[in-house]
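**Student:** Next come the chains, spelled out residue by residue.
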Amino acid sequence: MGIVDSQAGRRSIKKGKRRTKRIGFHLDMTPMVDVAFLLLTFFMLTTTFSKSNTMEINLPPEMTEVKVAETNVMTLRIAGDGMAYYSLGNDAPRRIPLYDPQDTRQLALSRPLRQLLKQQVKANEKMVIVVKISEKARYKQLVDIIDELNLMKIDRFSLDDYTEQDALEIKRAV
Amino acid sequence: MSRIKAKRVGFRIDMTPMVDVAFLLLTFFMLTTKFRPPEVVKIDLPSSHSDMKLPESDVLTVTVSGANTFFMGVSSQQTREKIFNSVVKPKLIAARFSSAAVQDSLKQFKLADSFPVQRDELDKFVVMARFADQKLRPVVRADADAGFDAVNHVIKVYKKANLLTFNLVTVMEKEVR
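So the protein sequences, as listed, match chains D and S. Using the working numbering, you'd call the opening residue of the first sequence number 43 and step up by one each time. Using the working numbering, you'd call the opening residue of the second sequence number 553 and step up by one each time.
Looking at chain D on its own, in the form it has when it is part of the complex:
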């Protein structure tokens, strides 16, 4: 590998001890190249070009208040029991599974919930989704919901505090 080659290669095998001028000498570069390839494979396999991805969240300033008609509000409550409770306006909440039961890795929200979100937003352009997540819920559920809304290009949603009132509300879910 990588040999400096020339016709004058064999000239150095001469009888006398006189040093010959070293024109076109051979150098075995195999070990060096071996090490080079070893390092190359090491760096290629350990390098990950991945920079973390992020998701941007904008919070509304504390002071501003946006008034929305009650009929245009859908509340989505996540109680931390693997269920989502949605209610339109002041209706009683309805229970819907947050993840599909056969989806063990829980990568996406459940199909009925996704369909529901899509339908509601399609039916009413002005629909605002208020997401209330209980303290008992996991962070992953927040990320999954925001991700799903982003994928559906729904930007009219907001996060709100989960209060005692919401816990009571869920009790009358059907």
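Wrong hints could be hidden among the right ones.
[Stated by the list, open to error] Sample of chain D residues with no beta-carbon within 10 Å of chain S, all distances over it, derived: (1) Pro73; (2) Glu107; (3) Ala111; (4) Asp123; (5) Gly124; (6) Tyr128; (7) Asn132; (8) Tyr141; (9) Glu167; (10) Lys168; (11) Val170; (12) Arg180; (13) Asn192; (14) Phe199; (15) Thr205; (16) Ala215.
[Unchecked claim] Now the stretches of chain D that chain S is said to cover, found in silico as 3 or more residues with beta-carbon under 8 Å: (17) 94-104; (18) 206-214.
[To be verified] Taking lysine-lysine and the DSSO-like style, the derived pairs with C-alpha atoms no more than 30 Å apart in a straight line are: (19) Lys168(D) x Lys711(S); (20) Lys178(D) x Lys195(D); (21) Lys712(S) x Lys178(D).
Derived from the structure by calculation, the hints contain no laboratory data. Note that the Cβ used here is the ideal one computed from N, Cα and C, for glycine as well.
Assemble chain S onto chain D, guided by the hints.
**Tutor:** Same frame as chain D, but now just chain S:
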């Protein structure tokens, strides 16, 4: 006309170009590789479809581990020093540390990527970081299994410090829909 194919025993290929390319790649990978510093806690990030990239400089990261403990880190050393001087130093002096010990812990603090923070002290640190550097971009880096109350606490702290736009760190989800 008889072209008898000579058996190719011990032939040579000039491998110089290949070796050149190999070395080129080797130097490229060696120079671009940045070894990740060892993490204080293992964070299992949640996955999403968002493809926004994390900013490189002026980042204020609050990490929430799976056990709901908080860690904070800022990327620039100047900001770290300011935070140390305004929050940590008075505490050390109150605890009667010698000035040499304070200098020593400042040195350590400047080199640390993140440091553990108590839940009720987080707001103080975040506000100080905001004072030290106005351009800070706040980031929440939480474990997928962290409780929502811990993350909500961070969000509230950001809100209180008037940091209304922030990012959640996730990993890319490959599955398409």
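**Student:** Against this structure, judge whether each hint is valid.
**Tutor:** Hint check:
With a cut of 10 Å on Cβ distances, Pro73(D) stays outside the contact zone with chain S, its closest approach being about 12 Å. Once the 10 Å rule is applied to beta carbons, Glu107(D) is consistent with being away from chain S; the minimum gap is 15 Å. Chain S leaves Ala111(D) outside its interface by the beta-carbon criterion, the shortest separation being 25 Å against a cut-off of 10 Å. Interface exclusion of Asp123(D) from chain S stands, the closest Cβ pair being 13 Å apart, more than 10 Å.
At roughly 14 Å from the closest C-beta of chain S, the C-beta of Gly124(D) stays outside 10 Å, upholding its exclusion from the interface. Residue-level check passed: Tyr128(D) sits 18 Å from the nearest beta carbon of chain S, beyond 10 Å. Its beta-carbon lying about 25 Å from the closest one in chain S, Asn132(D) satisfies the requirement of being farther than 10 Å from that chain. For Tyr141(D), the condition that its CB be more than 10 Å from all CB atoms of chain S holds, with the nearest at approximately 13 Å.
Here Glu167(D) stays apart from chain S, with its beta-carbon at least about 23 Å from theirs, past the 10 Å limit. Under the 10 Å C-beta cut-off, the non-interface status given to Lys168(D) relative to chain S holds; the minimum distance is some 24 Å. Every Cβ of chain S is farther than 10 Å from the Cβ of Val170(D); the closest lies at roughly 19 Å, confirming the non-interface assignment. Remark: the non-interface label on Arg180(D) conflicts with the geometry, its nearest Cβ contact in chain S lying 6 Å away (cut-off 10 Å).
Some Cβ of chain S comes within 10 Å of the Cβ of Asn192(D); the nearest lies about 7 Å off, and the non-interface call is violated. Listed as a non-interface residue, Phe199(D) keeps its Cβ farther than 10 Å from every Cβ of chain S; the least gap is roughly 15 Å. Taking the minimum C-beta to C-beta distance to chain S, about 13 Å, the non-interface status of Thr205(D) holds against the 10 Å cut. Under the 10 Å C-beta cut-off, the non-interface status given to Ala215(D) relative to chain S holds; the minimum distance is some 20 Å.
Look at the region 94-104 of chain D against chain S: 11 of its residues bring a Cβ nearer than 8 Å to a Cβ of that chain, three or more, so the hint holds. Three residues within the 8 Å Cβ limit are the bar, and the region 206-214 of chain D against chain S gives 0, so the coverage statement is violated. Of the pairs offered as hints, the one joining Lys168(D) and Lys711(S) holds, with about 26 Å between alpha carbons and a cut-off of 30 Å not exceeded. The suggested pairing of Lys178(D) with Lys195(D) holds, with an alpha-carbon distance near 28 Å, which does not exceed 30 Å.
Distance restraint check for Lys712(S) and Lys178(D): the Cα-Cα separation of roughly 23 Å lies within the 30 Å cut-off, and the hinted pair is therefore satisfied.
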